[in-house]
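Using the sequences and the hints given, assemble the complete structure.
Residue numbers (the numbering used here), protein chains in the order written: chain X, 3 to 317; chain L, 3 to 317.
Simulated from the structure, these hints should not be mistaken for lab results.
Please note that the accuracy of each hint is not assured.
Just so you know, same-sequence chains aren't split out, so a pair can sit in one copy or run between any two.
Stated by the list, open to error - Subject to a maximum C-alpha distance of 30 Å in a straight line, what follows is the list of computed DSSO-like cross-link-like pairs (lysine-lysine):
(1) 69 with 182
(2) 305 with 68
(3) 250 with 68
(4) 250 with 274
(5) 274 with 183
(6) 305 with 274
(7) 250 with 182
(8) 182 with 274
(9) 69 with 250
(10) 305 with 183
(11) 68 with 274
Protein chains: 2
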Amino acid sequence: MKLPEPCHQIGIVGCGLIGTSWAALFVASGRNVFAWDPSPQAREGASGRVASLLAQLQTLALFPMKKPGNFAVSEDLSSVVQQAFFIQESAPEQIAIKHQLYRDIERVATPYTIIASSTSSFCWPELFSEALHPERCITAHPFNPPHLIPLVEIYGPSAEVVRNASDVYRSMGRIPVNLKKPAIGHIANRLASALWREAVNMVAEDIAGVEDIDAALVHGPGLRWSTVGAHMAYHLGGGPGGIEHYLKHLGPSQERRWSDLGNPRLTPEVCKLIVAGVTREADGRSIAALEEERDGNLIAILKSRQLSHHGQNQP
Amino acid sequence: MKLPEPCHQIGIVGCGLIGTSWAALFVASGRNVFAWDPSPQAREGASGRVASLLAQLQTLALFPMKKPGNFAVSEDLSSVVQQAFFIQESAPEQIAIKHQLYRDIERVATPYTIIASSTSSFCWPELFSEALHPERCITAHPFNPPHLIPLVEIYGPSAEVVRNASDVYRSMGRIPVNLKKPAIGHIANRLASALWREAVNMVAEDIAGVEDIDAALVHGPGLRWSTVGAHMAYHLGGGPGGIEHYLKHLGPSQERRWSDLGNPRLTPEVCKLIVAGVTREADGRSIAALEEERDGNLIAILKSRQLSHHGQNQP
Numbered sequence: 003m004k005l006p007e008p009c010h011q012i013g014i015v016g017c018g019l020i021g022t023s024w025a026a027l028f029v030a031s032g033r034n035v036f037a038w039d040p041s042p043q044a045r046e047g048a049s050g051r052v053a054s055l056l057a058q059l060q061t062l063a064l065f066p067m068k069k070p071g072n073f074a075v076s077e078d079l080s081s082v083v084q085q086a087f088f089i090q091e092s093a094p095e096q097i098a099i100k101h102q103l104y105r106d107i108e109r110v111a112t113p114y115t116i117i118a119s120s121t122s123s124f125c126w127p128e129l130f131s132e133a134l135h136p137e138r139c140i141t142a143h144p145f146n147p148p149h150l151i152p153l154v155e156i157y158g159p160s161a162e163v164v165r166n167a168s169d170v171y172r173s174m175g176r177i178p179v180n181l182k183k184p185a186i187g188h189i190a191n192r193l194a195s196a197l198w199r200e201a202v203n204m205v206a207e208d209i210a211g212v213e214d215i216d217a218a219l220v221h222g223p224g225l226r227w228s229t230v231g232a233h234m235a236y237h238l239g240g241g242p243g244g245i246e247h248y249l250k251h252l253g254p255s256q257e258r259r260w261s262d263l264g265n266p267r268l269t270p271e272v273c274k275l276i277v278a279g280v281t282r283e284a285d286g287r288s289i290a291a292l293e294e295e296r297d298g299n300l301i302a303i304l305k306s307r308q309l310s311h312h313g314q315n316q317p
Numbered sequence: 003m004k005l006p007e008p009c010h011q012i013g014i015v016g017c018g019l020i021g022t023s024w025a026a027l028f029v030a031s032g033r034n035v036f037a038w039d040p041s042p043q044a045r046e047g048a049s050g051r052v053a054s055l056l057a058q059l060q061t062l063a064l065f066p067m068k069k070p071g072n073f074a075v076s077e078d079l080s081s082v083v084q085q086a087f088f089i090q091e092s093a094p095e096q097i098a099i100k101h102q103l104y105r106d107i108e109r110v111a112t113p114y115t116i117i118a119s120s121t122s123s124f125c126w127p128e129l130f131s132e133a134l135h136p137e138r139c140i141t142a143h144p145f146n147p148p149h150l151i152p153l154v155e156i157y158g159p160s161a162e163v164v165r166n167a168s169d170v171y172r173s174m175g176r177i178p179v180n181l182k183k184p185a186i187g188h189i190a191n192r193l194a195s196a197l198w199r200e201a202v203n204m205v206a207e208d209i210a211g212v213e214d215i216d217a218a219l220v221h222g223p224g225l226r227w228s229t230v231g232a233h234m235a236y237h238l239g240g241g242p243g244g245i246e247h248y249l250k251h252l253g254p255s256q257e258r259r260w261s262d263l264g265n266p267r268l269t270p271e272v273c274k275l276i277v278a279g280v281t282r283e284a285d286g287r288s289i290a291a292l293e294e295e296r297d298g299n300l301i302a303i304l305k306s307r308q309l310s311h312h313g314q315n316q317p
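Right, dumping it as structure tokens:
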């Protein structure tokens with residue numbers, strides 16, 4: 003199936019959870035999307051999933067003036083790539099698969115087409131060091147669930163390409179954030195890993211239960227971090243003297259607290275405690291039910307952001 | 003000034019930012035509050051601050067059926083303590099001051115009065131090991147800004163006292179969370195410290211700028227943690243197999259990511275980078291303006307929680 007208008011067309015490579023989320027966002031923002039996946043099953047399921055995510059996005063009214071674009075799926079990667087000015091790759095996290103895809107993509111794409119990888123686990127050099135046109139290649143990592151969480155973490159060697167890609171993401175209501183150099187886990191998953199390490203430590207040390215730690219996060223720092231960043235929170239915690247006062251007077255006590263944090267291992271015993279705790283917390287709700295709750299709550303928060311004067315944390 | 007009705011009366015010890023926030027919450031929930039502070043300035047400013055926080059709370063309509071209680075300030079600690087069934091202590095974080103206060107409080111309080119400390123930096127044994135009635139003493143740490151963030155982290159040796167105190171906090175719309183044993187930083191500040199350590203590391207290692215790290219948090223994991231806890235997020239990240247699948251298949255990659263996280267020091271050079279970054283992020287806005295934005299955004303999010311089906315993360 004071919005799309006009617008090739009202009010402003012987006013190529014989606016990989017129609018899993020991440021790829022279809024990207025597709026829904028691009029379609030919602032008025033772009034025509036042409037998608038590819040090697041699996042017939044994935045291709046068959048893609049349109050239905052894009053349509054249902056699109057319905058969720060429309061309740062958010064991110065793009066009130068935009069007529070949604072078209073969405074089509076193909077089994078021919080070349081035709082998807084040839085007509086795209088921007089390609090979002092969300093293939094499985096296997097380096098050989100990704101390298102082969104980039105070779106196939108570069109063979110038919112124009113040298114100006116931006117190739118963005120959704121990779122969570124690889125850094126730019128591992129993916130693109132041997133690309134024909136490395137300057138047009140970027141890592142652009144979304145955060146789950148990608149159609150609702152605005153963050154996109156970007157690294158690429160060409161400032162111009164990063165700027166152009168950022169404009170594309172911003173036009174979909176995304177918040178692009180730049181890495182100055184590649185890093186394992188980019189920014190957000192480094193923060194998430196650091197926090198979870200201590201969450202696991204508190205379970206291992208029997209300081210608190212899994213469900214109490216999660217509740218403390220959701221009703222405490224998580225709530226605050228949804229509007230104030232970590233550095234800025236200490237600026238506000240420093241009183242009238244702000245971050246300078248904080249660092250001078252409370253920096254040493256932070257360093258002492260850092261030295262008290264744990265360095266747990268995911269031993270079978272610790273894993274057992276985590277599984278038991280998450281099972282208590284889920285309280286019989288299925289993964290699908292929990293995801294639906296999460297998405298409903300995220301949509302409510304995103305709507306509240308639209309109502310309150312937000313945007314001050316955008317870089 | 004004496005309060006008309008001594009029943010259901012709350013004693014507030016310390017009228018700083020934390021003490022007056024507690025006072026506003028108790029008053030909003032219909033309690034009569036009698037407050038003490040040794041400083042005439044603090045006593046004079048207390049009523050005005052409680053009134054303005056109360057106005058913020060009323061926009062939240064947490065207690066639509068409650069007539070606000072009365073608020074009065076005294077320079078006589080004994081009269082404040084004698085009439086209270088529940089005392090919230092929010093004195094400066096100096097151990098000698100707190101010990102002296104507990105001696106003064108226990109001299110006049112009934113043996114059944116609960117004494118709760120808002121301490122952020124001390125653990126229960128440091129504060130209460132030498133109390134006359136240690137079983138009635140608890141640490142009950144709120145999270146800044148305490149009148150808006152629902153979390154209260156509680157530890158005490160008596161399960162009954164912890165249960166009774168939790169009921170009091172719940173009746174004010176708070177979310178009490180229990181520590182199984184005392185820990186430096188309780189739960190929330192351990193999580194916050196662990197996350198900030200990596201945020202500081204990324205600044206020190208020049209991976210990203212302060213304002214980009216904060217934006218990544220606010221528009222990524224922070225947003226998600228305002229509705230899904232850290233453990234639960236990996237349950238949902240594990241697909242249909244949930245947390246068990248996640249731990250089995252992605253546990254090793256988490257451990258690798260943990261080993262890549264940094265262990266920075268707050269050297270003068272690093273502090274300089276943080277101050278410069280926060281200054282860029284504040285972009286000329288005063289602390290007061292930033293706090294007003296934060297509070298407005300928090301109120302909007304809390305309202306969205308009231309509208310969406312929430313409560314599933316309450317322990």
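Okay, the hints, checked on the actual structure:
| no. | hint | result |
| --- | --- | --- |
| 1 | 69 with 182 | neither (36 Å within a copy, 54 Å between copies) |
| 2 | 305 with 68 | both (18 Å within a copy, 29 Å between copies) |
| 3 | 250 with 68 | neither (50 Å within a copy, 43 Å between copies) |
| 4 | 250 with 274 | between (42 Å within a copy, 11 Å between copies) |
| 5 | 274 with 183 | between (37 Å within a copy, 20 Å between copies) |
| 6 | 305 with 274 | neither (38 Å within a copy, 37 Å between copies) |
| 7 | 250 with 182 | within (28 Å within a copy, 33 Å between copies) |
| 8 | 182 with 274 | between (39 Å within a copy, 18 Å between copies) |
| 9 | 69 with 250 | neither (53 Å within a copy, 44 Å between copies) |
| 10 | 305 with 183 | neither (33 Å within a copy, 39 Å between copies) |
| 11 | 68 with 274 | neither (49 Å within a copy, 45 Å between copies) |
Hints 1, 3, 6, 9, 10, 11 from the list above are not met by this structure, while the remaining hints are.
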